[in-house]
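Everything in the sequence shown is counted per this note's numbering, starting at 1 for the first residue and increasing by one.
Because the hints were derived from the structure by calculation, they are not lab data. There is no bait here: all hints are sound.
Here are the simulated DSBU-like cross-link-like pairs (lysine-lysine), alpha carbons at most 30 Å apart as the crow flies: (1) LYS335 x LYS385; (2) LYS363 x LYS335; (3) LYS132 x LYS220; (4) LYS124 x LYS220; (5) LYS428 x LYS335; (6) LYS428 x LYS363.
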Amino acid sequence: MYYPILTLPVEITTKIFLDCLPVGLPSYDTKSCTPLKDPPLLLTGICWHWRIIALSTPQLWSHVRLEFLGKHGVQAGHIDSWWVAFLGRWLSRAQTQPLSMTISNLTHRDPDEALVGLLDSCRKQWQDVTLKLPFNLFSHFSTHEFLPVLQRLALDAHSIPPTPDISITAFQHAPALTHVRLDGWLRPCHFTLPWAQLTTLELASASPLDCAEALRCTPKLVTCILEILEAPGTSLAPRSVPPMHHLRSLTLTGTAHCYIFPYLALPALEELDLAGRSLNSSDLSSVQFLVSRSGCQLRRLRLYYISDALTAPALQLLGMLPSLENFELAATEAKTITSLFLRLGDASGFLPQLQTLSISHHKMSDSHLHAMFHVVTDGLVRRAKSSPEHVQLCSFALMMQHEETPPRFRIRQRWQELLEGGMGLSVKNRYERWI
1 MYYPILTLPV
11 EITTKIFLDC
21 LPVGLPSYDT
31 KSCTPLKDPP
41 LLLTGICWHW
51 RIIALSTPQL
61 WSHVRLEFLG
71 KHGVQAGHID
81 SWWVAFLGRW
91 LSRAQTQPLS
101 MTISNLTHRD
111 PDEALVGLLD
121 SCRKQWQDVT
131 LKLPFNLFSH
141 FSTHEFLPVL
151 QRLALDAHSI
161 PPTPDISITA
171 FQHAPALTHV
181 RLDGWLRPCH
191 FTLPWAQLTT
201 LELASASPLD
211 CAEALRCTPK
221 LVTCILEILE
231 APGTSLAPRS
241 VPPMHHLRSL
251 TLTGTAHCYI
261 FPYLALPALE
271 ELDLAGRSLN
281 SSDLSSVQFL
291 VSRSGCQLRR
301 LRLYYISDAL
311 TAPALQLLGM
321 LPSLENFELA
331 ATEAKTITSL
341 FLRLGDASGF
351 LPQLQTLSIS
361 HHKMSDSHLH
371 AMFHVVTDGL
381 VRRAKSSPEH
391 VQLCSFALMM
401 QHEETPPRFR
411 IRQRWQELLE
421 GGMGLSVKNR
431 YERWI
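Whole structure, please, built from the sequences with the hints as guidance.
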């Protein structure tokens, strides 16, 4: 049988493989993810011609994901000697290519003892590496070898000691490292890293004290994502962090996500994401304090769950942000949305730079929907064109999570006119889209 594609020059076929194939196929197994069905192996099984090309293209083998996660106590296998040998063959085919790896063994059985040695043998090629292993294995990695091309390092562990005996130093010699993520209750004090050169930091399940100390050590941060949990039994307050003159994007989640605001000064902050957890009046006051103290010019803000009772302080906060261009409000109700659009429609100069607005409505059996639709529409009409008081609102999205009440026909007509006039509009619920 004749296949014209097999007549292509090897260079063209190789280019197709590299440019058109995904790095890895999505896994729908919550307990494990192995590379057995990833493109490099699949290509070797198509025909001998493609097998030769795949095996002689190191770039195809520079990405590998081998994960045994386990879920709800279910054993999901582990990285045994067979998988270590498999991984060794895979990495050998990558030759000297920079490596992107996710290696996870978070089940109850430890991985084969040869795993660390194998990973250590190619550490000079590490570029983007995620390791999820028993905590004690991190100390088995070489402490003297450099990681010359490592740019991103993500670590997760189980069996973490309450207080470490020594700091893990295996990843400290990484001159190109700029992005670190610590998951699974790992603390910054567990590791000696080149903190001062990082530009991106992610901490999960961290205490306010750990977050503040990490920020003190990372003056060059540009992007920071923190999940802040209250430390049980501690009454110690963090030390103030020196002004962070490079931090532009901050995302906070967790039960104490606004706790560290009084200790921060972020003069370069442009993006603030607080959509991971509901806010209270104290949280909104903390945000106001941060903005006032920092003198920052926020351009993007995400908030979560502003109820009618919090509408006034939320609008007060927004009134302090004349530079805001993109605002997302998640999980709110009709009265709050109405109040927001009444402010947008007046001539007070409220949010004069706003260009993109996204809102999700979460209240069930909300009796104020039709009034909200009218006020929203009037506000959109006023903001559809720029004026001396404000720029043009270019995009608006409203997602109704629980309500099925449709807007009236005349309202939808006016939305259609706005759409035809050039405004990006999306108004829908879970079952239908109205515009």
